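*Asks:* Residue-level listing of the chains:
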Amino acid sequence: MERFLTPAPPTLVRRPERWDQPLDPSVTDADVAWLRSRQPFASLDHGSFPKTTPLDGVLRNDCRILRCEPGEVLVREGDYGGSAFLVLAGEVGVIVGGLPAAYLGRQPAQKLSWIQSLSRWWSRSPHAEARSIDEISLDNTSGGGASLGAVDDRPVLLLQDYSAILNARGPTRLGPGEMFGEVAAMYRTPHAATVIASTEATVVEIRWQGLRLLRRDRRFADQLEQHYRSHWLRLHLGEISLLRHVPAGSLDRIVGSVGLRSYGRMEWNADFRQARKLAAREQIEREPVVAMEGHAPTDLIIIRSGFARTSQSYGSGHRTTAYLGCGHFFGLDEIVQAIHRQDDQPAIPLQHSLRAIGFLDTLQIPIETFATEILPYVRQSELPESCQRTLRAARSRRGTTGADRRESVRDPDPTQSQTSGSDHPARTGHQLDHTGQMEFIVQNRLLNGRQAMVIDLNRCTRCDDCVRACGETHDGNPRFVREGLTHGHLQFVQACMQCSDPVCMLGCPTGAIHRHPTTGVVQIQESICVGCGICAASCPYESIRMATISDRSGNPYRDSRTHQTVSKATKCDMCQSQPSGPACVASCPHDALVRIDLTQSRPLQAFLEQRGPWQRREP
Amino acid sequence: MTANALAENVTRQRCPRSVSDPVQPPPTIIGQPRYTFALRRWIAIGITAAASAALIWGHDLIRHSLGREAVFSGSVLAGCLLLLMLLGVRRRLIVLPLWPVSVWLQIHLYTGLFACIAFWLHVPTWIASGWFEGGLAMLFLSVSASGFYGILLSRSAPRKLTGLSVQPRFDRIVWHRGQLAIAADEAISALPESADRCVIETYYRRTLKPYFASRPSWHYLLHPTGVQRRRLLAELNELGRYIDRDVSSTRDRLAAFIRHRDDLDYHRAMGYRLRGWLVIHTAASLVLAGWSLVHVVIATGMIH
Chain A
1 MERFLTPAPP TLVRRPERWD QPLDPSVTDA DVAWLRSRQP FASLDHGSFP
51 KTTPLDGVLR NDCRILRCEP GEVLVREGDY GGSAFLVLAG EVGVIVGGLP
101 AAYLGRQPAQ KLSWIQSLSR WWSRSPHAEA RSIDEISLDN TSGGGASLGA
151 VDDRPVLLLQ DYSAILNARG PTRLGPGEMF GEVAAMYRTP HAATVIASTE
201 ATVVEIRWQG LRLLRRDRRF ADQLEQHYRS HWLRLHLGEI SLLRHVPAGS
251 LDRIVGSVGL RSYGRMEWNA DFRQARKLAA REQIEREPVV AMEGHAPTDL
301 IIIRSGFART SQSYGSGHRT TAYLGCGHFF GLDEIVQAIH RQDDQPAIPL
351 QHSLRAIGFL DTLQIPIETF ATEILPYVRQ SELPESCQRT LRAARSRRGT
401 TGADRRESVR DPDPTQSQTS GSDHPARTGH QLDHTGQMEF IVQNRLLNGR
451 QAMVIDLNRC TRCDDCVRAC GETHDGNPRF VREGLTHGHL QFVQACMQCS
501 DPVCMLGCPT GAIHRHPTTG VVQIQESICV GCGICAASCP YESIRMATIS
551 DRSGNPYRDS RTHQTVSKAT KCDMCQSQPS GPACVASCPH DALVRIDLTQ
601 SRPLQAFLEQ RGPWQRREP
Chain B
1 MTANALAENV TRQRCPRSVS DPVQPPPTII GQPRYTFALR RWIAIGITAA
51 ASAALIWGHD LIRHSLGREA VFSGSVLAGC LLLLMLLGVR RRLIVLPLWP
101 VSVWLQIHLY TGLFACIAFW LHVPTWIASG WFEGGLAMLF LSVSASGFYG
151 ILLSRSAPRK LTGLSVQPRF DRIVWHRGQL AIAADEAISA LPESADRCVI
201 ETYYRRTLKP YFASRPSWHY LLHPTGVQRR RLLAELNELG RYIDRDVSST
251 RDRLAAFIRH RDDLDYHRAM GYRLRGWLVI HTAASLVLAG WSLVHVVIAT
301 GMIH
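Just so you know, the protein sequences line up as chains A and B, in that order. For the first sequence, counting from 1, position 610 maps to 610 in this note's numbering; every step adds exactly one. For the second sequence, counting from 1, position 291 maps to 291 in this note's numbering; every step adds exactly one.
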C-alpha cells in the first residue's frame with residue numbers, strides 16, 4: 001500500500017540549452033575578441049543584448065570564421081541557405097544569372113533518347129546502386145572546371161578558372177564589412193546570386209538564429225531592414241498580383257508602412273518530428289497564432305513564405321477551413337467590408353484565425369494604407385467573389401445616397417486587360433470538400449509537396465509494379481517503398497515530394513542537392529555529393545536515403561584517403577532523364593498512382609472527382 | 001561596388017522572374033487519365049462494338065462469296081493474341097515512352113473481348129473437334145475465363161483491402177506478424193501477479209500464443225473468412241466474467257492484436273490470390289501463344 005502512497009522519485013534530465021550545439025565548436029576566445037574588433041561587430045551596442053544571449057555568445061556559438069581559397073564557391077544562385085556571410089578580409093565576386101550549371105559541378109539531367117534509354121536498360125548492372133566512376137567523382141570529369149576540395153577540413157567546391165569567369169562576367173565585388181546571403185537566410189528565399197571568393201578571403205558565417213539575435217542592436221537591425229526595404233521589398237511587393245497596377249508613388253508609401261513579421265521556427269523540420277506524434281488538437285494549439293478569430297482586422301496579411309492555416313472555433317477545438325501558401329492573402333473580406341461599410345454599420349471581426357504551420361513569413365499592410373494606396377487601384381475582377389459582393393452593395397448605396405467618402409475600386413478595363421494579362425482573383429487559401437482530408441494534409445505537412453505520390457487504394461492491387469519500375473530505372477534500387485500515411489482510400493507514399501519549402505537543401509556543404517531551375521525537381525548531383533547525410537537527416541518526411549555506391553561488378557567504391565566506402569544521398573528525381581517520365585506513374589496498370597501538387601487543393605479535388613461519386617465520400 | 005549596388009544589379013537582372021519562388025509551377029497532376037473512367041469505358045466499348053460489327057460483316061461477306069472465312073477469322077485472332085502479348089512486353093520495357101501501362105491494360109482488356117468474338121466466329125462450336133484443336137480451344141477459353149476473373153478480382157480486391165485497418169507491404173507481412181507476436185507476449189508479461197493474470201495467461205498460452213506464432217492455414221489462404229477471428233474474440237470476451245477492470249485492458253489489447261493479425265492474414269491471402277492469378281494467367285497465355293503458333297503453321301501448310 002505504501003508504494004502507492006509514496007510518489008515515485010522524478011527522473012532527472014538536463015534541459016537542452018540554446019547553444020548546446022555551436023555552429024563551430026573550435027571558435028576560441030581569441031577568435032571572439034578578434035571578431036569584436038572588426039566592423040560591424042565593433043560598433044554593436046552590448047547593452048542591447050540580454051544576459052542570456054550576450055554578443056560574445058552569439059559570436060562564439062552562432063558564427064564561424066571561414067578561410068576561403070580563391071575560386072571557392074560560397075553561395076549558389078537558386079539554392080536555399082540558412083546563413084548570412086560577412087566579408088572580413090579579401091574580396092568575393094558576385095555573379096547574377098548566366099553561370100552555367102556545369103561550372104558549379106552540376107550536370108543538368110538530359111532527356112535520354114529511345115535508343116539511349118533502351119541501351120542503358122539493356123546494359124544495366126545486376127548489382128544495386130552501381131555507377132561508373134565518372135558519375136560519382138569530379139576527378140574524372142571536366143565538371144566545367146569545378147573540383148571538390150577541402151579547406152580546413154571543410155568540404156568545398158573550387159572553381160579552377162574563377163578569374164576568367166569573374167572577369168568575363170564583370171561581377172559585383174564585395175569587400176570587408178559587406179554582407180551577403182542575409183535575405184535568403186532571414187526570409188527563406190533562394191539565393192539571388194552566386195558568390196565566389198576572388199582572392200584569399202576571410203568570411204564570417206552567421207547562422208540565421210544568430211542573425212536574428214544581432215538584430216537586437218537597433219542600428220544593425222535598422223541597417224538591415226532599411227537595406228531590405230529599399231531594395232528587396234519593392235521587388236517582392238511588385239510580384240503580388242493585387243499590387244500590379246499600383247503607381248510608383250503609392251508603392252513607395254506602401255514600402256514605408258508594411259510590416260515584416262515571421263512566426264514559428266525556421267528549422268520546423270526538427271520540431272515536426274516531435275509535433276507529428278501529438279494529437280491533432282494539441283498540434284494546432286501549439287502553432288503560433290498570427291491573427292485571432294473575433295478580433296478586429298488591422299492589417300492585410302500576405303504570406304511571403306511558409307505555410308499557414310485558417311481555422312474556426314468548433315466545439316472545444318479548432319476546425320481547419322483552408323491552408324495558405326506563398327502569395328495568399330488573409331483578412332481581405334473583412335478589410336474590404338470595413339472600408340466600404342456604412343458609417344452606422346459595425347465592422348465585421350475576423351471570421352477565422354490564422355496560424356503558422358512550421359515557419360511563416362508575412363508582409364502586413366495596415367488597413368489604412370490598403371484603403372488609400374492599394375484598393376483604389378485594384379480591379380474588381382481581381383478580388384474574391386465575396387469582396388466583389390461587398391463592393392457592389394457599396395456602389396448601389398452610393399447610387400442612392402450620393403458620393404461615398406471612400407474611393408471606389410476600379411472597374412475592369414478591357415483595353416488594359418489585353419496588354420497586362422488576364423485578371424485572377426486574389427488567392428485567399430486552398431480548400432477541400434472534405435474537412436477531414438484537409439486536416440490530414442495540413443497536420444502531416446503534406447501541403448509542402450509539389451509532386452507528392454498519391455495512390456488510390458481502391459484501385460491499387462498492391463502489385464508493386466511501381467516499385468519494380470523505379471528500381472529498373474534507378475540502378476536496381478527503388479527510390480521509394482510503397483508505404484506511407486493513409487487517409488481513407490488515399491495513400492501518401494513516402495517518396496520525395498519535391499517540396500515547396502525544401503529544408504533538405506539547407507546545409508548541403510557543396511550544393512549537391514539543388515532544385516532544377518525550370519522543372520523545380522530537387523535533384524542530387526552525385527559527382528559533388530560528399531555523402532555527409534545532412535539532407536537525409538533534415539528531410540522531415542524521411543524520403544532521402546544514403547546508399548553505398550559500388551562499381552558495375554558490385555564492389556563498393558572506397559575513398560582514396562580514408563578507405564571508407566563511398567555513400568551518396570538518393571531520392572526520387574521524377575525520372576527526369578527518362579523519356580517515359582516518372583516510371584512509377586507509367587507502370588501503374590490500374591491508374592492508381594499519380595503525382596499531385598498538394599500545395600494547391602484543386603488538383604486533389606480534380607483527382608477525386610474523376611474517380612467517380614463513390615470515391616468522393618468523406619472517409 | 002557596394003551591397004546596395006548588388007541588390008540593384010540583382011533587381012535589374014531578375015525582374016522578369018519571381019524572387020520568392022523562381023521555379024515554374026509543376027504540372028498539377030501527372031498520371032491522371034484524360035477522361036473519367038466511365039467515359040473511357042463507354043469509348044472503349046463503342047470502339048470494340050464497332051470493330052466486332054466490322055469483323056462479323058467481313059466474315060459474312062467472305063463466307064457468302066465462298067472465300068476462306070476461317071482464314072480471315074483465324075488471322076484476326078492471331079493478331080489479337082499478338083496484341084494481347086504486348087502488355088507483358090510493355091510492362092518490362094517501362095523506360096520507353098509508349099503510353100502508360102494502364103492504357104495498354106485497357107487495350108488488353110478490350111482486345112481480349114474482341115478476341116472472344118473472333119474466336120466464336122473461328123470456332124462456332126466453341127470446342128473444336130480433335131485433341132489438338134479441341135485442346136487449343138479449351139486453353140483459349142480457360143485463358144479468357146481467367147482474364148474475366150482477373151478483371152473482377154483486380155476491381156474487387158483493392159476495395160476489400162482498403163477497408164482493413166492496416167496497409168502492410170506484402171513482403172513485410174511476415175515481419176509484422178512477428179512483431180505482433182512479440183507485442184502480445186510483452187502485454188502478458190507486463191501484467192502484475194494476480195489470480196486474474198492466471199486466467200488470461202492460461203488462455204493466452206493455450207490458444208492465442210500458438211495463433212500468433214503460426215502461419216495462416218492453407219485453407220484460410222485459399223478462402224479467407226472471419227470465422228477464426230470471431231471465435232477467438234468471443235472466447236476472449238467470455239473471460240470477462242473472471243477478470244477485473246485492470247486486466248480487462250490487457251484483454252482489449254489482445255482483442256486488438258487478434259483483429260490486426262486477421263487483417264494481416266487477409267492481406268496475405270488476397271496478395272497470394274492476386275499474384276497466383278497473374279502467374280496462372282501469364283503461364284497459360286504463354287502456352288496458348290505457343291500452341292496457337294503451331295496451329296498457324298499447320299493451317300498455313302494445309303492451305304498451301
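None of these hints come from the bench; they were simulated from the model. Keep in mind that a hint or two might mislead.
[Stated by the list, open to error] Which stretches of chain A does chain B cover? Using the computed rule of at least three CB atoms under 8 Å from a CB of chain B, they are:
#	segment
1	117 to 124
2	458 to 468
3	472 to 482
4	485 to 494
5	588 to 598
Bear in mind the structure is a predicted one, so any value in this text is a computation, not a measurement. For glycine and all other residues, C-beta sits at the position ideal for the given N, C-alpha and C.
*Asks:* If you test the structure against every hint from before, which numbers come out violated?
*Replies:* Every hint satisfied by this model.
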